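Chains as they are written, first to last, in the numbering used here: chain A, 1 to 429; chain B, 1001 to 1091.
Calculated from the structure, these hints are not laboratory results. Quick caveat, the model's predicted, so the values are computed rather than measured. Beta carbons: idealized from backbone N, C-alpha and C, even for Gly. Certain hints may be false.
Computed spacing ranges between beta-carbons, pair by pair [what the hints assert, rightly or not]:
hint, chain 1, residue 1, chain 2, residue 2, range
1, B, Q1030, A, A157, 32 to 42 Å
2, A, G266, B, D1019, 36 to 46 Å
3, B, E1049, A, A168, 41 to 51 Å
4, B, R1013, A, P196, 17 to 27 Å
5, A, G179, B, D1038, 50 to 60 Å
6, A, G255, B, E1049, 37 to 47 Å
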Amino acid sequence: MAFVKGLKCRECGREYPGDPLNVCDFCFGPLEVIYDYVTISEVISRDRIAGGPLSIWRYEDLLPASAEDPVDIMAGYTPLMKAKNLGKRLGLNNLYIKNDSVNPSFSFKDRVVSVAATKAVEFGYETLACASTGNLACSVAAHAARAGIDAVVFIPADLERGKVIGAAVYNPTLVAVDGTYDEVNRLCSEISDNYPWAFVNINMRPYYAEGSKTLGYEVAEQLGWRIPDHVVIPSASGAMFTKIWKGFNELACLGLLDGVEPMPFGADQNTVHHPAVTTRMHMAQAEGCSPIVWAWENQKNQIRPVRPDSIAKSLAIGNPADGIYALRVIRESDGSGYAVPENKVVEGIKLLAETEGVFTETAGGVTVSTLKYLAESGAIGPDELTVAYITGNGLKTQEAVEEVVNPLLVKPMMGSFEAALESRMAAGV
Amino acid sequence: MGVMVRIPTPLRRMTHGADKVELEVDDLSQMIDKLESDYPGFKERLLDEEGELRYFVNIYVNGEDIRFDQGLKTSIKSGDEISIVPAVAGG
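Isolated chain A, as found in the complex (with noise of 0.2 Å):
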């Protein structure tokens, strides 16, 4: 069961019933889940988290929808690989790899999905629907096609191929929208009004952003219930980025961290910071879309939307919603932003997939180079306990690595194969 106990304006304070609110009326402020820690307390366990399924919904009892039949297709439970290659590359003796390419439609987003679509089935609801940079159009696609509902989904008409095959397979109904993101959510916002669909990240949005936290859980769990000393996420609205940091706060306030006290979650529980969380919080965002970045940068408050110019499509959020939180938890935490260099995005994908095996998207190869600068510049010291979010596949983005493609061109003859191997090896490459 869940233990929600209904919404809260994160602004104002003013409480709401838990059915499907985004926005506080007076204020606009977004509206948050707020649970029932005390009975939450008293049911959890590492045990009985060992105990569930081998997906998000192992941490049923810290999510705001039922487990007992959720829209499922497995997400979560992903590897978090130890980076040895890639580590001894940077100097780094104790780096992971938070693997959650693997995801079942290949991004984080399944996380999230599956707690909207489950919510959103729980409601009554007989259509899914998103605005998407992509990622979050897959796993609306997949979802709904598990649910037995319709899904309506809307991207920008210029997303990778593979993003926008990896959506329509599922049989979508697929909008393709002349304009950016930005323009994309703006046009869903209005649609959402009119239209009785469970929009995921408008109408469901506060149930939907808190399968994000089950990145914070999963990466305690696997660390045999530690926390990192520093982790490295990709960022475009922020969401995914503040979410892991409460996932972190949460375990430590039941008590399930390693060595921690249980502490109360007091009057705000979506501000609550135990003091045993000294995770390091860094933001990885592309140069050509990084507004959060820019004001942590510059020591702003408030968030400048951009218009995105980004290799990144799915970090292409110039107006990020959930920014100022994210730079709250980037301040708390004694954390710090990056913003990659456009060329070097590539590089990142490149780095991780050479030395590790794993092959991402952009966004990753946005966090790997991120990570790259934090060894370098020394922010990050040889032996912390370090973990880098890999959120989203390669096979998504293939356009951006296009050029690794080299092959030795040879007819069925070994000596032909001989002449083409000589040759390479003789280039030098």
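Starting from the known structure of chain A, arrange chain B on it as the hints suggest.
Relative to chain A, chain B alone:
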């Protein structure tokens, strides 16, 4: 003919359910003042104590975010379509 303002769901309670209203105004500040006089309480939903647009409120003129133009001083003309849209999470 005036400008057409689309009203988002959270504000429709104030407009007695209307999803759009038509106004005769020259700029966005006038638009907000007119909405306030027709529907008292409207202004404080959109602007903070300093009179700035609230962070979570986006206003678009014919689809263009006013923060890329002149903000609340952005001029508008007859036939324009104004959208008031709450911020939306990432995708």
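Failing hints, ascending? When the structure is compared with the hints, only number 5 turns out to be violated.
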